[in-house]
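Q: Take a look at the letters that make up each chain.
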Amino acid sequence: MKSSNNKKHLLTGNEAAAEAAILAGCRHYYGYPITPQNELINHMSIRMPQVGGTFLQAESEIAAIYMAYGGAAAGARVMTSSSGPGISLMQEGISYLAGSELPCVIVNVQRGGPGLGDISPSQADYFQAVKGGGHGDYHNIVLAPASAQEIADLVYDAFDLADRYRNPVMILGDAQLGQMMEPVEFRKTPRTHQTVKRWALTGAEGRARNIVKSFYPVKGELETFNIRLQRKYRAVEQEEVRYEEVNTQGAEIILVAYGTCARICKEAIRRASGTGLQIGLLRPITLWPFPKEPLRRLAKKARAFCVVEMSAGQMVEDVRLAVLDRCPVHFYGRMGGGVPSSREILKKVLNILAPEGTLELEIPEIPTELGKGLYFSTIP
Amino acid sequence: MQALYSAPETLIRTPSHYCPGCGHGIAHRLLAEIIDELGIRGKTIGLAPVGCSVLAYNYLDIDMCEAAHGRPPAIATGIKRVHPDNIVFTYQGDGDLAAIGMAEIVHAASRAENITVIFINNAIYGMTNGQLAPTTLLNQRTTTTPEGRDPLTHGYPIRICELLATLEGASFLARTSLSSPKDVSQTKEALKKGFKTQIEKKGFSLIEVLSPCPVYWRMSPVESLKFIEEKMTQTFPLGVFKDWEKTVSAPGGQATKV
Ligand SMILES: Cc1ncc(C[n+]2csc(CCOP(=O)(O)OP(=O)(O)O)c2C)c(N)n1
Ligand code: SF4
Ligand SMILES: [Mg+2]
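Going down the list, the sequences are from chains A and B. Numbering-wise, this note's numbering puts 155 at position 155 of the first sequence, and it's gapless, one number per residue. With positions in the second sequence counted from 1, the corresponding number in this note's numbering is that position plus 1000.
Same shape as in the complex, but just chain A (with noise of 0.2 Å):
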């Protein structure tokens, strides 16, 4: 595809991100083949050419995530992308990419695990993306979009972030927002912080050496590094953390979900108006930093939480640790690769709300929207 901004296009997830990249001035792509993102490998293969940049498939994602530190600090915006098992494989990169202070954009299109799991969506990478996942004190700034739109327009803020922080930011998709097409318009002006890259690595010639390491023998300098990189982080929690609510004006229970299950989420809401039932959401956009101060406000005036994810309950315990024991924190989830549905969460919801069972609610059939997004028809 030709890229021209302003106007719709019907894409995968997938191939938004890869898209709105070479929008955001990305040249340097490079990765290696996994289920459920290879629309995005496939799209680079095609695009990168055209626009005089470096697509290559690396012989493994060590070398993909190796590859984009290389691009990195050379100065340049370079992105890489996989699932699951290939993300795992990176982290040890993504760890000196944090040491390095390197900004890098990685696409985590997330499948079911442990292990080869499965190809359908997950949410259970949550922890490896927002807590670490490679060696010592870092973090990853992690975007979640929920749709091919927010993708596009999460994948320029990405290199922005990246750039800004010189960090690496991840963008937490999964199978489902990676393969499903949907209308996506790409924003006019995304290339507006480029920033001058001092530091990059582009030959001394008429200045002093630039170094990029990670390594601090000399007994203190790594604590002294550490504190620095620790003010950075705290820098971030105060600018850039992202949230959407909806109906949480007088919400009784707040469900707080991303990606995904923050639509079905949604749809559950949908579903649930005029039957009296008050739902509200609260959809985390940046899962780090995390939306903590809302949490906390909502907390005052809920009666529950309800997190929903495709995972064990890995988020639900940073919507614990925000809102410690102001409001009961409820969990509902689906592991790997189930979905849940409107009507399970609706469900879940009548249970926290009355426990014995004396509510009882007459779930609408929910309104045939295909043409939104979305629309999960499994109603068990």
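Any given hint could be a false lead.
[Claimed, not checked] To be clear about the criterion: a stretch of chain A counts as covered by chain B if any three or more of its residues have a C-beta under 8 Å from a C-beta of chain B, and this derived list gives those stretches:
1. 51–59
2. 91–97
3. 197–203
4. 207–213
5. 240–252
Don't read these hints as lab results, they were simulated from the structure. Predicted model, so just to flag it, every value in this text is computed and none were measured. Ideal Cβ placement from N, Cα and C applies to all residues, glycine included.
Model the placement of chain B with the ligands on the given structure of chain A, informed by the hints.
A: Relative to the frame of chain A, chain B with the ligands by itself:
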């Protein structure tokens, strides 16, 4: 008075952290001399991974990048694709290149990646206190082969030049040694040829340098030079294995004497 000999500009004057008799210091100096002679200091980017030479950037006054264990060829690829007109080299040990980084070096060579690789073969893991390397000789004692390398347990030494010579993408492959003044000057010639290969955009070049590690070979510096000449070169014959200029190509691994 005319200066006939001086330290290369690219070499930073600072106390060395290498052990007495170590080969790394000699190799660094040769590199610095070549960078000066070719006039490429301002556009050279070097990569040093973990290993005894992880601090190579303390000695070479050029842009440098640290690398994770085994990954220099991948990182160098990323740098070179951004700056195709810069000169990019990696400086790797045998553990780095021939064990954990085997996939990266083979694939960089197969892609004819236009980079220069300096491969310091000291048949040992120096930095981590002298363990078995893929290039450790049969019967050689290391901290993890206290009875000597037994091929039934630990396999046979890997000959990198011979292995890479089977790849069309490799343009210049040579093995030299640091065991005598003559060998040192041949090493310099080979390194220079490696850089020339890159400057002329002829593709992948690798120079394997047999280098002493007296400390973990448990020898005196002089004995370790003898060990290279008498023992190491038996397993790792010196020579040119591939040369784009002379179309020396030895897929069977037969070296042509330099
Ligand atoms: C992933 C990883 N594994 C292990 C190490 C520890 N380590 C550092 S250097 C090294 C081996 C170095 O040997 P070599 O590459 O031959 O270099 P030399 O010190 O002999 O010059 C090892 C195993 C590491 N830093 N990273
Ligand atoms: S341990 Fe061996 S390779 Fe390392 S500095 Fe000492 S002599 Fe050199
Ligand atoms: Mg070694």
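Q: Hint by hint, note whether the structure agrees.
A: Structure-based check of each hint:
1. 51–59: With 4 residues close enough to chain B, the hint holds.
2. 91–97: Since 3 is at least three, the answer is holds.
3. 197–203: Answer holds; 3 residues pass the 8 Å Cβ test.
4. 207–213: holds (count 5)
5. 240–252: With 0 residues close enough to chain B, the hint is violated.
Hint 5 from the list above is the single one not met by this structure.
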